[in-house]
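Asks: In order, the protein sequence lines correspond to chains X and A.
Okay, so the first sequence: first residue is 1 according to our numbering, each after it adds one.
Okay, so the second sequence: first residue is 1 according to our numbering, each after it adds one.
Hint data in this document are derived by calculation from the structure and do not stem from the laboratory.
Quick reminder that beta carbons are idealized off the backbone N, C-alpha and C, glycines included.
Be a bit skeptical, because a hint or two may be false.
[What the hints assert, rightly or not] Each pair of labels, with its calculated beta carbon distance range:
| # | chain 1 | residue 1 | chain 2 | residue 2 | range |
| --- | --- | --- | --- | --- | --- |
| 1 | X | Lys291 | A | Asn212 | 34 to 42 angstroms |
| 2 | A | Glu80 | X | Glu347 | 55 to 63 angstroms |
| 3 | A | Ser225 | X | Glu292 | 32 to 40 angstroms |
| 4 | X | Asn130 | A | Glu135 | 39 to 47 angstroms |
| 5 | X | Asp111 | A | Ser225 | 46 to 54 angstroms |
| 6 | X | Lys291 | A | Asp248 | 45 to 53 angstroms |
| 7 | A | Phe38 | X | Pro215 | 46 to 54 angstroms |
| 8 | A | Asn124 | X | Val271 | 33 to 41 angstroms |
| 9 | A | Lys224 | X | Asp111 | 45 to 53 angstroms |
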Amino acid sequence: MGLLNKKFSVIMLCAAMVLSGCAKTDEKAGNTSGGETTVYEFEPANEIKDGQPDIYVVLKVMTSQYWQDIIQGVADAGDELGCNIYVGGPESEGDWEGQERLLEEAVNEHDADGIVLAPASSAALVDITNEIYGKGIPIALVDTIINNESFDTCYMTDNLQAGELAAEEMLHQLRELGVSEDEKAEIAIQITSTSSQTVIDRLAGFNQYWSTNAPANWTVLDDVKLNDGNKDRAKQNCIDFIEQYPNLKGMFGCNNSSTVGFVNGINEKGVNNIALVGFDYADETAALIAKEAQHASTIVQNQYNMGYEGLKTVFSVLDGETVDYKFIDTGTVVINRDNQQEYEQSEAGDAK
Amino acid sequence: MNKKKAKNRDLRNGSSIAIYLVFCMTVLVVGSVVMGGFISKNTRNQLNSILSLMSEKVDTSFSMMTKYIVQAADIVSAQEHIDFEVSYKELQKTVENMPYNTIGLIDPNGSIYGLEGEITDIENQGFLTDLSDNEGIYITQPYRSSLTGTNMITMFSPIYEKEEFAGYIFLTYYLEEIQQNAYTELLSDETSITLMNPYSGNFVNCSQDDGNPPGTWSNIRLIKSRIEAVQGYDYDKWIDNMRKDSADNIINFKFNGINYTQAYIKIDGMDNWSLVIRIPVTELSDTMGKFIIRLSGIAALLILATLLLGVSLYNREHEENETLQTLTDIDPLTKVINRRGFESRMNKLFEKKNAVVRCTFIFFDIDYFKDVNDNYGHDVGDQVLRKVAKSLSETFDDFGIVARIGGDEFNVLVTEPLSVADIDSKMANLRAELKETELDNGVMMNVTFSAGLARCPQDSTRLKPLQDCADKALYHVKETGRNNHAWYDDIK
Chain X
1 MGLLNKKFSV IMLCAAMVLS GCAKTDEKAG NTSGGETTVY EFEPANEIKD
51 GQPDIYVVLK VMTSQYWQDI IQGVADAGDE LGCNIYVGGP ESEGDWEGQE
101 RLLEEAVNEH DADGIVLAPA SSAALVDITN EIYGKGIPIA LVDTIINNES
151 FDTCYMTDNL QAGELAAEEM LHQLRELGVS EDEKAEIAIQ ITSTSSQTVI
201 DRLAGFNQYW STNAPANWTV LDDVKLNDGN KDRAKQNCID FIEQYPNLKG
251 MFGCNNSSTV GFVNGINEKG VNNIALVGFD YADETAALIA KEAQHASTIV
301 QNQYNMGYEG LKTVFSVLDG ETVDYKFIDT GTVVINRDNQ QEYEQSEAGD
351 AK
Chain A
1 MNKKKAKNRD LRNGSSIAIY LVFCMTVLVV GSVVMGGFIS KNTRNQLNSI
51 LSLMSEKVDT SFSMMTKYIV QAADIVSAQE HIDFEVSYKE LQKTVENMPY
101 NTIGLIDPNG SIYGLEGEIT DIENQGFLTD LSDNEGIYIT QPYRSSLTGT
151 NMITMFSPIY EKEEFAGYIF LTYYLEEIQQ NAYTELLSDE TSITLMNPYS
201 GNFVNCSQDD GNPPGTWSNI RLIKSRIEAV QGYDYDKWID NMRKDSADNI
251 INFKFNGINY TQAYIKIDGM DNWSLVIRIP VTELSDTMGK FIIRLSGIAA
301 LLILATLLLG VSLYNREHEE NETLQTLTDI DPLTKVINRR GFESRMNKLF
351 EKKNAVVRCT FIFFDIDYFK DVNDNYGHDV GDQVLRKVAK SLSETFDDFG
401 IVARIGGDEF NVLVTEPLSV ADIDSKMANL RAELKETELD NGVMMNVTFS
451 AGLARCPQDS TRLKPLQDCA DKALYHVKET GRNNHAWYDD IK
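Use the sequences and the hints to build the structure in full.
Replies: Written out as structure tokens, the structure is:
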């Protein structure tokens, strides 16, 4: 099966899951929420063959390019190493109860040989992972770590370092923009919410790098704005920043929705004297980066590798090997106008 | 009149109780406020003392952590020639008994002798670059360890060979180790310990905080708008003090409705990072608040108790006084009022100015009483006196006062508006009754009396002349054969 076919099959898997509807589950005993959880039941992500180990993948959500890339990575590694891959996940992000139910199902009903998990909660899934790991079933974590040691390795972005990288890129863009070190320059930050540790780590990393490397006149605004993932609010936040702060020279979006909000605000206000550094590679972001008059960059993660390496770890543990690392940063890359074409070509190349 | 007196007395008593209660409540309220202020101040002082003690404890523990690396660096530096492979293996033997997690070396060329994950971390986190900018002990900011997946800090110290720089030795510590250092039995669940960088505004919790594991990062910008500095403190100034490492390191503030007090301690070797210890004030102030409420409750109960006791004592004293008064005013033989009691009451009645007294004064004398005593003995004499007193009381108690003045002499003051005829009638009945006085032994005795009567205001409006008038009337009866009564108005 060629790479393109594999990628197509993963997309088809996601589409099939959405079209076939979600399996409704009854309220779980001991479930404190008291409500129902809605999940996409496990579906094969590659060709199922007899005699191969069955690896169950439980993700945070199923329907975005980011998660499709992770599934692709797992499926590719499964094909390479000879594993049957089954993928499932909750309909809404943050539904750890749905994940817990799927994990129980994988182990108790399907006799899973290994688990790849992207935890929706670092705290709430501690017990179930302790139980599964205690049975000798290998677990690889992707995207997010959990608050115990009941896993073999976690593959994720070191978001603190990603934030530092974003700050470094912001300094670069401001200098490209021609902002003098003596000039008063203010940087605005927008995030989804204060409950996402991922975005908080990025914000903290950004500030950490900034405090030791930025000129004294270049300061980060205390006024961090929240958008709760709402695109309209994210755009309005951008417009408010532009109108409220005359010395605004840079904007940092800690995640995809915040970045797209900044992009839309910049387009609406028609400004080109403010640098933007964001996260992820949305179409709107890519279009702004490509504009010669703008100074925009974004940080992309290596989510494909999270899935790919995660499955390899589970397989190697099943094979009797020991793993030396509990945590592996899968790394990030800065995309700006200098390397945008190269990046897009390499992505297109992967697709072939 | 008695009712009026009692009413006046009750009013006076009621006012006294009200004044007493107002006074007590005032004392209670003022006391609570003063004590509340005192306790609040005391609580702050106590918290500040606790913070200072914990700061010292953490500071000492950090010094110990630093001491381990200084000692290890000295041991390695004491060698004539440092063989990094051999030294590294030797150092591994120390790990088991020491609080640090791992120990390793870096040679002057930057080659790292450590576990594979450690080497990755030191390279990826850029620690080698940071080391080149620092002299002496260097402590990293918290980072996620590749080896354990948990958050750690690493300490570096330069090592020397014949006093020439020869590389670094490093120790890794779990972030929780810092929490352990500050552990205090008293506030084990309440104390929060974070590392804070006043320049970036970042802070990293070293203890389990709101479900977040040690090593969770955050930034002051995300919570600053919800921090409400109290008691004249200023959060920005406190952050500024942290930058300057000022001795003024304590702040009181309110966050999410909870009062906290927190202090920072500068950590030597950890560039721009300070350790922040935070204690919620609520625990202590709640205890103090409960203490004040209980104290107030006890005080209120005590006031009530003293009030009840006071009223009880007053009533008892009043009763005792009345009993005492009764004992001194009553004739023990006949149980009617004696001369003293009678005069006291009459004086009170007549001493009121501008008041017209309407009464009848009667002077009684038992006829030939001396003969009764002489012939039948004092016991019978006493019986006769008791019978006469009893009859007088039965006749006049509802209309006035009956008293034994002395010997066989009785006085009656009729204060109710009885007519001359009414009194004459009562005197006749009395005389008939006493004519057949039955003694204790069943013997019947004919007891007779003589009486003189005078009226106020007809005969006199003053007491003494009125008594004289009655006395004269009695004298007239005695002179005219006894066993009779006469009105002064009839004999004058």
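Asks: Given a hint of 46 to 54 angstroms, does the C-beta separation of Phe38/A and Pro215/X actually sit inside it?
Replies: The hint (46 to 54 angstroms, Cβ to Cβ) holds, given that Phe38/A and Pro215/X are roughly 51 angstroms apart.
Asks: Tell me if the beta carbons of Asn130/X and Glu135/A are separated by a distance inside 39 to 47 angstroms.
Replies: Given about 45 angstroms between the Cβ atoms, the range holds.
Asks: Is it true that Lys224/A and Asp111/X lie within 45 to 53 angstroms of each other by Cβ?
Replies: holds, 52 angstroms
Asks: Evaluate the given range 46 to 54 angstroms for the C-beta pair formed by Asp111/X and Ser225/A.
Replies: holds, 52 angstroms
Asks: I want to verify a distance hint. Is the separation of the beta carbons of Glu80/A and Glu347/X within 55 to 63 angstroms?
Replies: Holds, at about 58 angstroms.
Asks: Are Lys291/X and Asn212/A spaced within 34 to 42 angstroms by their CB atoms?
Replies: For Lys291/X and Asn212/A the Cβ distance comes to about 40 angstroms; the hint holds.
Asks: Lys291/X and Asp248/A, beta-carbon distance inside 45 to 53 angstroms?
Replies: Holds, since Lys291/X and Asp248/A (Cβ atoms, about 51 angstroms apart) stay within the stated range.
Asks: Take a look at whether the Cβ-Cβ distance between Ser225/A and Glu292/X falls inside 32 to 40 angstroms.
Replies: Hint holds: Cβ distance 39 angstroms, inside 32 to 40 angstroms.
Asks: If you check the beta carbons of Asn124/A and Val271/X, does the distance land in 33 to 41 angstroms?
Replies: Holds: the Cβ-Cβ distance is about 37 angstroms, inside 33 to 41 angstroms.
No hint from the list above goes unmet by this structure.
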